[in-house]
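Q: These protein sequences, in sequence, are chains A and B. Each number in my numbering comes from the position in the first sequence (counting from 1) with 717 added on. Each number in my numbering comes from the position in the second sequence (counting from 1) with 65 added on.
Any given hint could be a false lead.
Rough simulated footprint, nothing fancy, chain A against chain B, three-plus residues with beta-carbon under 8 Å [claimed, not checked]: (1) 739 to 753; (2) 809 to 815; (3) 953 to 967.
What the hints contain is simulated information worked out from the structure, not anything from laboratory work. From a predicted model like this one, the values you see are computed outputs, not experimental measurements. Just so it is clear, CB atoms sit at the ideal spot from N, CA and C, and this is done for glycine as well.
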Amino acid sequence: MLEIKCPYCGKRSQNEFSYGGDAKIKRPELGKEISDKEWDNFVYYRDNPKGKHSELWHHISGCRQWFKVSRDTASHEIFKTAKLDEDL
Amino acid sequence: MSQTYRLNNVGYINRDKKISFKFNGKKYFGYKGDTLASALLANGVHLVGRSFKYHRPRGFVGAGVDEPNAKVQLYFKGADTEPNANATEVELVEGLIARSQNCWPSVSFDFGAINNLLNKFFPAGFYYKTFMWPKSFWYKIYEPIIRKAAGLGIAPLKPDPDKYEHKYEYCDVLVAGSGPSGLSSALAAAKNGARVILAEDKVRFGGSLLTDEVTIGNKKGKEWADEIISQLKSMPNVIVKNRSQVFGYYDHNMMVMCERTKDHIENPSEFTPRQKLWHIRAKEVIISTGSIERPLTFGNNDRPGIILASAAREYMKVYGVLVGKKPIIFTNNDSAYDTAIDFKKNGIDPIIVDTRNDSQSSVANEAKSLNISIKFFCAVVNTKGYLRLNSATIGKFNSDKSDYEKLENISCDCICVSGNWTPTVHLSSQSGNKLKFNETIDAFIPNQSKQNENTIGSAKGSFTLKESLEDGFKKGFELSNKITGKNEKSITPTSNEKNYGQHDKFWCMPLPKKKHYKRFVDFQNDVAVSDIELAVREGFKSIEHVKRYTTLGMATDQGKTSNLSGLQLVSDIEKKIIPEVGHTTFRPPYTPITIGAIVGREVGKHYRPTRKSPIHEWHEKNNAVFVDAGLWLRPRYYKKGNENLLEASTREARNVRKNVGVCDVTSLGKIDIKGADSAEFLNRVYTNAWMKLPIGKGRYGVMLREDGIVFDDGTTTRISENHFHMTTTTAQAANVLSHLEYYLQVVWPELDVNVVSATEQWAGAALAGPNSRKLLGKLFKNIDVSNEGIQFMGYKESDLFGVPARIFRISFSGELAYEINVESDYGIFMWKKIIELGKEMNIEPYGTEALSTLRIEMGHVAGSEIDGRVISSDLSLEGMLSKKKDFIGKRSLFREAFVNPNREKIVGVIPIDKKTMIPEGSHLVNDGNATLPNPKLGHVSASCWSVEYNNPFSLAILKDGKNKIGEKLYAVSPLKNKNIPVEIISSHYVDPKGERVRS
Ligand SMILES: [Zn+2]
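The following block holds chain A by itself, in its conformation from the complex (with noise of 0.2 Å):
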């Protein structure tokens, strides 16, 4: 089991999170035209890295913030955690 420290709560088990995906995807603006292709990647198409992965972890069984680590998918060692509005 993992141990993730929410930048707000400090270090926590993995049981308390849910996992949300890829930090690095961005919505598309609202109303935006935009090619289908653009749409597929933002809701399908996502990297697969062995490695350095920067994603969105949620604190649902806490602080109920969503917020960003840097972990390694292969050894799941975590370099970082941050605010959603600080840098990885």
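Position chain B with the ligand against the provided structure of chain A, taking the given hints into account.
A: Then chain B with the ligand, alone, in the frame of chain A:
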């Protein structure tokens, strides 16, 4: 005579406390402090079981977790039974009952032993080769027979009566193993201020100090260990645990440990948990798990009486038990000389058979000076004795050890073997440490740590006491210093030990010409040298493949004594060095763990929380039959007399259509939304328009996922300018909240909106039916409840006999209906008032089944239609898709498949005979009798008995449904063996214009 193999004054057992126990139906005696194994050996019993494949008689090999043979079935007081217990780990308690496994009718006469005579038919991979053809035989004939013959004990049939607990702990330094290196590191770390947990798997602390003749400081090893333990126990920053196996090293230094807390206690209280599973998050982990002796390989090396030299010594020195009185010590190294010396000191004359030319170490010279007979450059070639070893053939090697110059038979009752030591690297390997092969000791040791793992002592291949102590004190100080910043150093005591020479790399004895004795490598799974040779010959070169083909190391002992021998064999045959062959993966758990310990208290109704509405007790008193709705328990129907589900729900639904009904809707998800941008936010979340919703009005909304699929629906009411009350389905309440939080925090943080779950803050009651307005008027005397006073989708706040209440005019049933919310604590008050005042209007409570009936015949969608596969137009909700604004998921609706005019559409389905209920999940097809696969046009999502028309009615999602109204199809359910002719009609079966709700 009993306990004839017990010594008089050696060991740490309590001779004042005699204990009786039963093994295979026979009564024996042992002492407190014995294991089942030591007590049986004290009584001269070596034969404990039959091997897995050939049913060969087998005896004890080890004295601890490494034991491959002595698996027994235990029968506890009051409890059922437990299979596969290691007799070497089971502590003796009064009245213990144990039986051998894998034998029938008895361990000494076993029918399955015929397999041994037929062993030519059971080579490596025999399952794959023999039982494959004809294929149909597998399920009916081969598998049942194999299962019966290859038993690993009997699984208990009754529920486990014991309690198991989970415990979560944090520490600075966890030390696994209490040998000299573990004790010294725990002491050094604890004295330097660290929070320490010291875990020992066995009952007694001290590891090798329990048996080795050493001194530390001016004390004997065991005395020193006792003193350190009492010192550690007195320190407030230290937890000391025996009977506690650290079995897993998981991510981020999460260590899991199983503590045995009950089975050894004579009279446990009913509250004593049987085992405790500890989850320990340690800043640093010290692995001082020691090492395990490996056997030597020779002809018929598996007979009862052939035992590891270290185990023989442990039985002698810890339990005061001789494993035999005519011992042969067969070794390729010096450590077994200690066993010989201990036999000699206890008045038994051993013979040492050593594969080496000579040894000049201090321990070997001590043996020589005690006049112990030593046969150098010799080997045990073969053994005899069916149920118990009775003689051995000793061979003098020829010059290159490929054969023997001379053979002689020696009578003996035990052979104590030693093939050198294998560090217990399991936890190190689990932590991610890629092991490296050490040529000096011919075994793997840890290399580079991946986590905060620190392996010391013989677990990393340092076999001298001096190194272990130095390493322990050093690591304990270093790691604690890193954490506490303190500088209190402990002084490493001086020590005295014997010196041990280099072992012989030779471990697998050749067979004499024309002899085909079985030489076992893995005892528990009956894997012999010939099986591994065969596997390699057949092309299985990867060690992982050899393992699976031969089943080497795959039994419950996980090859603790056999894996390395298997590797060495493969490397010898392949003429590769061991590092090239590699090793198989070490996975947790290190030792078998009971399912009970893993599950802990989360059994039965504690498996997950149960959510109950504040009105629950009333439902119970009024004969409600409950149904699980997520975590909630909701009344499904209220049983009257002998009614069944259909009769009761039909009565309840009819009463709603005719008079008035009340339904507990507390479980519905409720989210409180506040902030200046709340309307804008709803406008983005829902598919329809929200900006102009007036205060005091609600609106039905549908939300999509970004991929365009319908996510959830519900009504949201504007309570004030910047305050909304959202409802969600019971099932999706938590997901909708996370969804909203995601968009507010991650995507649109600029919006001034806050959301919070209010599900449990409000109790809800839905009043539905033509009399509901009249009842509302009686409940709320201070407000105008007329059609103009509270319009359809209107909202009012009032007080219910002094209790603040919210009134929503919403309907799920299609009837004139209201939903009343009060603070949860007043839920029961509200409910009782409704029932009391509704009596004259013939009110009846209705459950979820009637609720379903009412919504289905209205064509109102719910979870069975919103199933994660449909878009708005499939549910005829396309009218709610705003053209003027963007919203979550809108862009996806322009995808090719989503604009297809022949897409699925929600429809109504009635059976032509107007009698047969259509099972939910039935497929709609053109031809009910077509051969499979019968092309599916759609599926029935929900079915009810229409109370309006008094015949069955179903909803279905049907391909090109809107053009299929009036068509005749078939609803087929192969599971229920149904094939029903049906007609497709509109999904709005009752009141299609929706006049009632507005009346
Ligand atoms: Zn938090």
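Q: With reference to the structure, classify each hint as holding or not holding.
A: Against the structure, the hints:
1. 739 to 753: violated (count 1)
2. 809 to 815: holds (count 4)
3. 953 to 967: This one holds; 4 residues, not fewer than the three required, reach chain A with a Cβ under 8 Å.
Violated hint for the displayed structure: number 1, the only one.
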